[in-house]
Amino acid sequence: MKNIRVLIGILGMDQHEVAAVGIAKMLRDHGMEVIYAGCFNTPETLFQSAIEEDVDVIGISSHSWEYLYYLPELMELLAAEEEPVPVVVGGSVVTAKDAQELTAIGVAAVYGSGASDGEIIDSIKELADR
Amino acid sequence: MPSTVRTKSGIPLKNIYTPEDDPDRDYQRDLGNPGSYPFTRGTRDNPGGGWIQRELSGEGDPLRSNAQFKYLLEMGQTGIDVIGDSPTMSLMDPDHPLAKYVVGTQGVSVCCHNDYRDLLRDIPLDEISISSSAPGMFTVASLYLLAKEGGISPAALRGSVLQWPFYSENCGYAYKMPFDLHLRMSCDVIEFCSREMPRFHGYLEDTYFFSEAGLNAVEEAALGFIEIRHIVRTLLNRGLAIDSFAPRIAILVNCTMDFYEEIAKIRAMRRIFSRMMKEEFGAQDPRSMAVNIACHTSGLSLTSEQPANNIVRGAVQTVALGLAGIQALEISTFDEGFRTPSEEAHRVGLRTQQIVDLETNITKVQDPFGGSWFMESLTDEVEGKILALVEEIESRGDPAELVTSGYFRQFFEGTMSRHHQQMSAGEITKVGLNVHKIPEEEDTLLRDVSEVKIEPYRQRADDIAAFKLSRDQAGVNESLLRVHNTVQSPGKNIMEGVINAVQIGATMGEVIGVMRQASGEPYDPYGHLRSPIEDLL
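Chains A and B, in that order, are what the protein sequence lines are.
Residue numbering for the first sequence is 1 to 130, as defined by the numbering used here.
Residue numbering for the second sequence is 1 to 537, as defined by the numbering used here.
Just to be clear, a hint being listed does not mean it is correct.
As the list claims (entries may be wrong) - Restricting the straight-line Cα-Cα distance to at most 20 Å, the calculated cross-link-like pairs of lysine to aspartate or glutamate (EDC-like) are:
no., chain 1, residue 1, chain 2, residue 2
1, B, Lys-100, A, Glu-119
2, B, Lys-437, A, Glu-119
3, A, Lys-97, B, Glu-441
4, A, Lys-97, B, Asp-535
5, B, Lys-430, A, Glu-119
What the hints assert, rightly or not - A few chain A positions that, by computed beta-carbon distances, are all more than 12 Å from chain B:
no., residue
6, Lys-2
7, Met-75
8, Leu-77
9, Ala-80
Hints were generated in silico from the structure; no laboratory data involved.
No experiment lies behind these values; they were computed from the predicted model shown.
C-beta: ideal position from N, C-alpha, C; glycine also.
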């Protein structure tokens with residue numbers, strides 16, 4: 001069975017990396033391959049990396065409201081693909097209402113700051129298996 | 001049975017301390033009165049107690065932030081503390097394509113001298129201390145010009161700008177420029193301020209922002225001293241006298257919930273700084289040895305869950321800082337898990353400071369922990385660990401090379417991962433997050449305020465683009481070319497050229513862009529913009 005490949009990135013000018021780096025390491029420790037895209041991404045750069053790296057899941061970490069504007073753009077780019085890569089979003093700034101809006105545009109899962117490692121791993125595994 | 005409880009830095013805490021824990025204390029050598037070498041007990045004799053009370057502010061455009069400052073001053077704030085939005089903090093103008101969704105949402109958008117005029121409109125610059133997290137070189141340039149425009153001597157200006165050449169690129173405030181250039185900018189600002197604005201702290205060492213990458217108190221202080229020492233050496237190599245600039249070095253520290261250790265850290269940092277300046281660098285002016293310490297309480301210590309609990313965290317941290325003795329404070333507000341501080345949260349932060357200052361007598365006794373067997377032994381241990389870590393890291397090579405080789409980036413990735421692991425394993429207890437949780441639908445208190453968002457100021461991009469078209473472009477280009485050429489002349493201070501450029505209307509993004517170009521880097525590291533002086537080079 002091939003390893004699950006996850007692209008982790010932060011959008012726009014947001015440079016809060018603690019969670020992104022922490023989650024990337026945690027996923028690697030659980031046998032996943034993580035392509036860490038770091039900061040200063042746009043929907044285009046993440047989309048390109050996701051295709052080039054043939055990832056199973058895209059994970060967006062966010063501590064800035066920019067994700068609200070960029071995610072619809074990213075989802076649109078992905079939707080044009082035959083098999084759109086699922087997108088998950090994490091961050092303390094994501095409110096319950098934001099989470100609903102994200103789900104409505106097709107984001108597969110939203111993790112709040114209280115999400116456990118187990119929940120995140122299970123959810124990514126399930127998405128990668130689809 | 002010995003306790004297994006440890007501070008965040010790993011120092012074991014005993015259940016009880018006795019004289020045996022602090023046997024060899026020499027009061028004059030190790031402590032001294034507040035205001036006396038080695039300044040362990042306080043930078044100055046401050047019988048009135050208290051500190052500059054302020055809240056980190058800035059949102060939207062300069063005029064909206066100006067109104068915010070006036071509101072906070074009306075609420076009793078005693079200094080101004082301003083931060084730029086993320087494009088500003090990255091030296092990017094608001095009309096840059098990458099800035100579009102984030103102009104003014106996480107700080108104020110400032111990019112030119114006119115912006116600073118609006119930002120500080122009606123603020124008496126000779127009375128109010130201005131602490132700016134917005135890019136130091138441009139804040140200093142505009143403050144200098146504003147003072148002159150207002151008929152005030154720049155020598156009367158008080159406040160500070162942050163310098164972070166070592167860690168910004170790897171930890172939250174990337175300038176996308178070569179390390180040598182960033183270091184030179186910092187040193188040029190410090191040198192300029194010590195000459196022209198002698199009351200102003202041209203060098204506020206910011207250990208806050210990088211310590212939020214999950215560092216413990218020892219790591220925070222150690223990395224801070226590595227940077228301080230390198231900057232001081234660089235300035236001495238330029239031929240400056242230590243006493244010409246050291247009195248205006250200050251440190252902005254973090255304060256987490258590790259109550260005792262944070263107090264010990266501040267006491268240890270004062271002692272380390274004073275001995276470093278006196279013994280290593282030969283300072284003779286006592287002011288060079290007494291470091292002002294300001295604090296920003298830890299945003300990472302807050303939770304999005306049950307945001308009202310964050311008010312308590314801010315209060316506990318303020319008590320710790322009142323006991324440690326500090327010169328200035330801003331509390332991370334209760335809603336910062338979600339958003340840039342609301343007006344309500346700012347007021348609560350300010351009121352927290354005022355309550356501790358005015359209602360408790362906490363600040364009326366200086367360094368009340370002085371002589372405590374426990375606190376003195378903890379201060380010694382923290383100090384010992386800080387010095388050991390400084391030595392360990394410096395033994396790996398020239399600190400500047402450690403920056404460029406990526407050592408510190410790896411260091412931060414390690415601490416970020418460790419923070420995640422500690423949270424996941426429950427080693428860091430967070431009430432409301434990993435213990436004592438409540439169902440989401442019951443978690444409503446202060447949520448209404450916390451969840452309001454600030455819309456991006458899209459209009460700013462158009463306004464600045466229009467402003468750029470309205471300028472004397474030939475004059476701007478000439479000033480930019482001059483900055484470019486100064487950067488290519490080693491040993492020349494860049495400040496004068498920058499002041500000239502911003503005075504004539506050049507923007508932050510343009511000035512920095514040509515400075516990057518002069519160092520052989522692209523004008524726009526994000527690849528969208530063309531340099532206005534491309535054809536002149």
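Results for each hint:
1. Note on B:Lys-100 and A:Glu-119: the hinted pairing is violated, with a Cα-Cα distance of about 34 Å set against a maximum of 20 Å.
2. The straight-line distance between the Cα atoms of B:Lys-437 and A:Glu-119 is roughly 17 Å, inside the 20 Å bound, and the hint therefore holds.
3. Note on A:Lys-97 and B:Glu-441: the hinted pairing holds, with a Cα-Cα distance of about 12 Å set against a maximum of 20 Å.
4. Restraint check for A:Lys-97 and B:Asp-535: not satisfied, since their Cα atoms lie roughly 50 Å apart, outside the 20 Å limit.
5. Under the criterion of a C-alpha separation no larger than 20 Å, the hint pairing B:Lys-430 with A:Glu-119 is consistent with the structure, at around 19 Å.
6. Residue placement check: A:Lys-2 keeps its beta carbon more than 12 Å from all beta carbons of chain B (closest about 25 Å).
7. Under the 12 Å C-beta cut-off, the non-interface status given to A:Met-75 relative to chain B holds; the minimum distance is some 15 Å.
8. Non-interface call for A:Leu-77 relative to chain B: holds, since the shortest CB-CB distance, roughly 16 Å, exceeds 12 Å.
9. Look at A:Ala-80: its CB is around 22 Å from the nearest CB on chain B, clear of 12 Å, so calling it non-interface holds up.
This entry does not satisfy hints 1, 4, going by the numbered hints stated previously.
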